[in-house]
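Trainee: From first to last, the protein sequence lines stand for chains A and B. In terms of the numbering used here, the first sequence opens at residue 2 and continues consecutively. In terms of the numbering used here, the second sequence opens at residue 890 and continues consecutively.
Think of the hints as simulated: they come from the structure by calculation, not from any bench. Where a beta carbon is used, it is the ideal one built from N, C-alpha and C, also for glycine. Check each hint, because a few of them may be wrong.
To be verified - Per the computed footprint, the stretches of chain A lying under chain B, defined by three or more beta-carbons under 8 Å from a beta-carbon of chain B, are:
| id | stretch |
| --- | --- |
| 1 | 29-42 |
| 2 | 52-58 |
| 3 | 144-152 |
| 4 | 160-174 |
| 5 | 197-203 |
| 6 | 262-275 |
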Amino acid sequence: MVERRPGLTFVSHLVLILGILLIAFPIYLAFVASTHTRDEILRVPMPLVPGAHMVENYTAALTGADTQGARVVVGRMMWISFVTAMVIAVGKIAISLLSAFAIVYFRFPFKKIVFWLIFVTLMLPVEVRILPTYKVLADLNMLNTYAGLTVPLIASATATFLFRQFFLSVPDELVEAARIDGAGPMRFFKDVLVPLSQTSIAALFVIQFIYGWNQYLWPLLATTSEDMYPVVIGIKRMIASGDAAVDWNLVMATAILALVPPAIVVVLMQRWFVKGLVDTEK
Amino acid sequence: MEKRVLFRSAWLPWLLIAPQMAVILVFFFWPASQAMLQSVQAEDAFGTSTTFVGLDNFRTLFEDPAYIDSFKITAIFSVLVAVSGITLSMVLAVFADRILRGALVYKTFLIIPYAVAPAIAGVLWIFMFSPSIGVVTYWLRQTGFDWNHLLNSGQALTLIVVAAVWKQISYNFLFFLAGLQSIPKALIEAAAIDGAGPLRRFFSIQFPLLSPTTFFLLVMNVVYAFFDTFAIVHATTEGGPGRDTAILVYKVWHDGFRALDLGGSAAQSVVLMVIVVALTVIQFRYVEKKVQY
């Protein structure tokens, strides 16, 4: 701090606390709603302090007991979200590491073209090729499969560029040393390059896990059967029936369950998260 | 940039890039080329034959008032999201930059919305603003304001803007905080010695030096508002009331999957591609400038 201004420091804290209250309120309200019965929430205005029905609501949501209308088992959906997010995060990191390694450490024909092909994918997000991508998926019989949910999202130009950037900063002496010691390219990759990339890998993992967990448009296209819905899609189905008929207590329990895993990842891996965010946008 | 020392192998590099190339050829380039092809074709009612129609699909598209409206809505929506999101998070970041005690706690709370899926964010906000049971709706009614986003299109747009800004605040905040922390302390101190107060220091030093970050965030927020808010719209207003919150991405999906208008949806995809290319070019021009700066 440049100078002591107790008044201004007080105002700073005040503004930040207000900001946080405003930002946290929707989540707090969802938590409160998830601890009441449906009737208590429908009584306007709903209570603003937690109630006594937390355990029943979460058990009901997770196991799919007691829901009216469509039976939605959040436990199953959370598992699908988790597998999807893990496969996308790990898969993206793996294939980007390999292709960045090829691009940086080898000379081969059409390398420039390959590089540009990867670069151009930045300009082709799912949103601009919805229908034809769906058709490809249907033709390959990949609807309602884990492969369909993950493989099309695995290619990532940003991850490839991040690793390329990092590899370019690795001193050439390391390659020479590895060669003198008789190590082949894959040995060098496995024993030198990957261990050196650990921080970048951790940073990308956080970003990609959240990316995978929060996917919406793609699972909406790639799944048609209820037992393959990730939790983000499932929650939309739970509120589709209109205001009065919705089990808001269970919907909010589901919302909390759906936001806790990525929130934990972000908070616990905060340092890598911030690095990942800043690096991938460079 | 090239490495001086390279490995030599005729087949290994191809093997290494094979997984990525396979995925992007099958799921990126093939569908994108299909979209371009379909955008100049028309299919008959039974889907049995297709004919080449040139730019007819595009002409129909731009003569369709609903599509022009969707363009306008998207423009208004993205300006609102970008401007309010950037202003709010800049204020928070400037104050957070001053704080020493408890900074980590504040930061931790402020990054949580990033982890929340857009669809979940939408659900949290319609719960609060639900016309029949929402708490905020109730409070507004107490003050004499009648809220019903199912009937009022301005309110529906406000709702999706608020949800979208809420979700994006963490991202903007982190970039602003990083930007503020990279401003040399000596500049601020010199200004303080010359008698400039905190407000003056903000407007004459911090704000101008943040301008590259602000511009970058402006582009990123527009990209976000254009493409990543489908889930918010789909989970809250479903483009309603009427078509008043049907942003471009929502319309592509709706026309393709609900209305089954193949040529029209493909033409819209191509228009979106052009927009992405334009935004990417702007973004890279910015990166070049930043390097010189």
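Trainee: Please verify the coverage claim for the stretch 144-152 of chain A: does it have three or more residues whose C-beta sits within 8 Å of some C-beta in chain B?
Mentor: violated (count 1)
Trainee: Establish whether the coverage given for the stretch 29-42 of chain A by chain B is satisfied; the threshold is a Cβ-Cβ distance below 8 Å, and no fewer than three residues must meet it.
Mentor: holds (count 4)
Trainee: Per the coverage rule (Cβ-Cβ under 8 Å, at least three residues), is the stretch 160-174 of chain A covered by chain B?
Mentor: That given contact holds, which follows from 3 residues of the stretch 160-174 of chain A lying within Cβ reach (below 8 Å) of chain B.
Trainee: State whether the coverage of the stretch 262-275 of chain A by chain B holds or is violated, taking the criterion as 3 or more residues with Cβ-Cβ distances under 8 Å.
Mentor: holds (count 8)
Trainee: Between the stretch 52-58 of chain A and chain B, see if three or more residues pass the 8 Å beta-carbon test, and mark the coverage as holds or violated.
Mentor: violated (count 0)
Trainee: Can you take a look at whether the stretch 197-203 of chain A is actually covered by chain B? Rule is 3+ residues, C-beta closer than 8 Å.
Mentor: violated (count 0)
When each numbered hint is compared with the structure, violations occur for hints 2, 3 and 5.
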